[in-house]
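Given these sequences and hints, build the entire structure.
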Amino acid sequence: MTAKELQKRNNKAENLRVLQTEDEISAIAATIGAGYAGARSATATSGPGLALMAEMLGLGVMGEVPSVVFVSQRGGPSTGLPTKTEQSDLNLAVFGGAGDAQRIVLAPTNVDGCYRTAGKAFEMAEQYQTPVVVLLDLYLSNRYETVVLPDKNPFSRNLDKQMADGGAGYMRFADADDHISPRAIPGQEGGMHTVTGLEHNQLGKPSDLPENHEAMNAKRHLKLEAALRHPDFTICKRFGDEGPVDVGILGWGSTFGEILEAMFAAQDEGIRCSAMKVVMLSPLPKDQIAAFMDDCGTVLLPELNYEGQLANLISGALGRPVTKLTRSTGSPMQVEEILAEIRRLAQARAA
Amino acid sequence: MTEPLKPVYLEDKLKEVRGDGHLSYRSSSLPTWCPGCGYFSVAEGVAMAFNRLKVPSKDAVIVSGIGCASRFPFFMETYGFHTLHGRTLPVATGVKVANDKLTMVAVGGDGDDFAIGGGHIPHAARRNVDITYLVFDNGIYGLTKGQTSPTSVEGFVTPSTPYESHDRPLNPLMMLLSYGASWVGQAYAGQPHHLTDMIAGAIAHRGFSYLHILSPCVTFDKTEMTYANLNVRVRDLPADHDPTDRMAALEQATRTGTPALGLFYLEDRPTLADGMADIAARAMAGIPAKGKKARG
Chain S
0 MTAKELQKRN NKAENLRVLQ TEDEISAIAA TIGAGYAGAR SATATSGPGL
50 ALMAEMLGLG VMGEVPSVVF VSQRGGPSTG LPTKTEQSDL NLAVFGGAGD
100 AQRIVLAPTN VDGCYRTAGK AFEMAEQYQT PVVVLLDLYL SNRYETVVLP
150 DKNPFSRNLD KQMADGGAGY MRFADADDHI SPRAIPGQEG GMHTVTGLEH
200 NQLGKPSDLP ENHEAMNAKR HLKLEAALRH PDFTICKRFG DEGPVDVGIL
250 GWGSTFGEIL EAMFAAQDEG IRCSAMKVVM LSPLPKDQIA AFMDDCGTVL
300 LPELNYEGQL ANLISGALGR PVTKLTRSTG SPMQVEEILA EIRRLAQARA
350 A
Chain L
0 MTEPLKPVYL EDKLKEVRGD GHLSYRSSSL PTWCPGCGYF SVAEGVAMAF
50 NRLKVPSKDA VIVSGIGCAS RFPFFMETYG FHTLHGRTLP VATGVKVAND
100 KLTMVAVGGD GDDFAIGGGH IPHAARRNVD ITYLVFDNGI YGLTKGQTSP
150 TSVEGFVTPS TPYESHDRPL NPLMMLLSYG ASWVGQAYAG QPHHLTDMIA
200 GAIAHRGFSY LHILSPCVTF DKTEMTYANL NVRVRDLPAD HDPTDRMAAL
250 EQATRTGTPA LGLFYLEDRP TLADGMADIA ARAMAGIPAK GKKARG
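Listed in order, the protein sequences are those of chains S and L. Counting from 1, position 43 in the first sequence corresponds to residue 42 in numbering that gives the first Met the number 0; the numbering is continuous, with no gaps. Counting from 1, position 131 in the second sequence corresponds to residue 130 in numbering that gives the first Met the number 0; the numbering is continuous, with no gaps.
The set of hints was computed from the structure by calculation and includes no laboratory data. Keep in mind the model is a prediction, meaning the values are calculated, not measured. Cβ coordinates follow ideal geometry from the N, Cα and C atoms, glycine included. Hints may be right or wrong, so weigh each one.
25 Å max Cα-Cα, derived PhoX-like pairs, lysine-lysine [said to hold, decoys possible]:
1. LYS83(S) - LYS323(S)
2. LYS323(S) - LYS285(S)
3. LYS57(L) - LYS204(S)
4. LYS204(S) - LYS218(S)
5. LYS236(S) - LYS204(S)
6. LYS160(S) - LYS218(S)
7. LYS160(S) - LYS100(L)
8. LYS57(L) - LYS160(S)
9. LYS100(L) - LYS57(L)
10. LYS285(S) - LYS236(S)
11. LYS204(S) - LYS144(L)
12. LYS323(S) - LYS236(S)
Counterexamples of contact, computed for chain S against chain L with all Cβ distances above 10 Å [as the list claims (entries may be wrong)]:
13. ALA33
14. THR44
15. SER140
16. ASP176
See the structure below:
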């Protein structure tokens, strides 16, 4: 959708503002500036744009400022294949930037999921005071599907934990039980503070004391664990046969459509199998994925990149092997390719 | 613009400084700047300008990048955002898009703003975002111990240019006048009263105001942009300078050997927020686009 189409469609909302910036760095900077000032704000880009935004995402993490970035992946690296699809920006989305900068990364698998994930991304950015990256890919971004939208906007607003009135003894980065600090927005009496990309203490003043850096790193990471329990949001979901299966398939993004189709076909052939979509890629739902893998004789992970980025992420996080099925042809995965691999794994297990 | 020379008694001065209320804009954090740094004048000038214009602390936002100058927000009792190297203006733009009622002061040094951040300046200026943009120009990278900067003199010998710098200095005033800034002025840290007046004028202007502040780095530049040199070189703009005459302003800006102090250029035109609000109102009312269609 062009900026003009977006503006025409959405300016029906009186307070919506659309800004075409000079570059991606400016786009994410203005998004974070608007988030700091209390607006719900988002920007959209592709892999190379996300690479430019990586430093600013780190500022969003360090300064605990809400923002949402929609990334429609294409073929890479560099300018790559600008008009072809790929799922190769997962590493960048999850890890990109300097330092220990964990953020929330979500990847819907179909158009209905895009709608729900977009709304939830704004909720999460606000509630956990962090950048949220929503990973799409060209094949998903350019797709049409018929979906039923709810009559009423199902998403919550004002999830921001706010500074108490008057701000007596206010500390912007006070570490609470849930590690989320009350936020003051410019214009609020008594909440004056400076947000900085420097490591800072609970007041927001620069501090490089050893124990402070350790504690603040912990705060910024631990607060995100609650996102795994975010209300009314599916962080991962299992389909197909229940209980122990011969072949389990993990998937993410648009490829999950082909995975489901291949799984149904394999079931028709008598292979016991099930599939799990992983929608939240950071923080990773390790417990659910591990429980799924416990049930699977062997685990396959088809994805559209050369290295097997989610397979590497999961096997690294859980210390368990995953069979990769990677394609970097610029085209969507073929159902037949996945089905052939499921058959091969099932036969190998039987033998 | 010579400062009046009349005796100042410490007791009277302290009473005046404590009494007028501008100190309430200064935070409890002591500045990290070196004694004698021109930035103290700017900090004092901003506090005094806020006080003069009765800007509530809660409605003032100071956004900065990285460098000595960009430490500024920590020293002020306002909202602040110490962002990334060079990214001051886009962050400030986002803040203003979200809430145009805030009084926005964006600050940075010559390295932060004209080297890594140079690409953002034309766009903030041409959009006429309602930002007061103060550039503290000391012609050197002070925080990293004295390397040559985009406004350093040609032939400058520094740790990063041990023989000499081959690069020609930028002319920020000419740049900003060309970019479409709607308020362009120059002040000098060695003339704090005039500096305060200029800061107040820049903040009072609705639109993108650019104030170039000549401010010596007393630690790393002992030969070029020193108080001794600037005291001799600076001059007032001609009494008959017309700030609505952009060519006259450009002509004055070319005279870098004798920098002129004062208001170079002033233009009244709608801000980014004005334009956005207008589009939103027309979209809500279902009024079609009135602009020039790219496809006819």
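We went through each hint and held it up to the structure:
1. For the given pair, LYS83(S) sits about 21 Å from LYS323(S) by alpha-carbon distance, which is consistent with the 25 Å threshold.
2. In summary, the hint linking LYS323(S) to LYS285(S) is supported, as the alpha carbons are separated by about 18 Å, within the 25 Å threshold.
3. A threshold of 25 Å between alpha carbons decides the hint, and for LYS57(L) with LYS204(S) the separation of about 18 Å falls inside it, so the pair holds.
4. Taking the CA atoms of LYS204(S) and LYS218(S), the gap is near 16 Å; set against the 25 Å cutoff, the hint holds.
5. Of the pairs offered as hints, the one joining LYS236(S) and LYS204(S) is violated, with about 42 Å between alpha carbons and a cut-off of 25 Å exceeded.
6. Between the alpha carbons of LYS160(S) and LYS218(S) the distance comes to roughly 15 Å, so the proposed pair stays at or under 25 Å and holds.
7. About 23 Å separates the Cα atoms of LYS160(S) and LYS100(L), which keeps this hinted pair within 25 Å; it holds.
8. At most 25 Å may separate the alpha-carbon atoms for a hinted pair to count; LYS57(L) and LYS160(S) meet this at roughly 19 Å.
9. Of the pairs offered as hints, the one joining LYS100(L) and LYS57(L) holds, with about 11 Å between alpha carbons and a cut-off of 25 Å not exceeded.
10. For a cut-off of 25 Å, the pair hint linking LYS285(S) to LYS236(S) stands: about 13 Å separates their Cα positions.
11. Among the hinted pairs, LYS204(S) with LYS144(L) is consistent with the structure: their alpha-carbon atoms are about 23 Å apart, no more than 25 Å.
12. Note on LYS323(S) and LYS236(S): the hinted pairing holds, with a Cα-Cα distance of about 20 Å set against a maximum of 25 Å.
13. For ALA33(S), the requirement that its beta carbon stay farther than 10 Å from each beta carbon of chain L is not met, with the minimum near 4 Å.
14. Interface exclusion of THR44(S) from chain L stands, the closest Cβ pair being 14 Å apart, more than 10 Å.
15. Separation of SER140(S) from chain L is adequate, the least Cβ-Cβ distance of about 24 Å exceeding the 10 Å criterion.
16. At the 10 Å boundary, the C-beta of ASP176(S) stays outside the reach of chain L, the nearest C-beta of that chain being 27 Å off.
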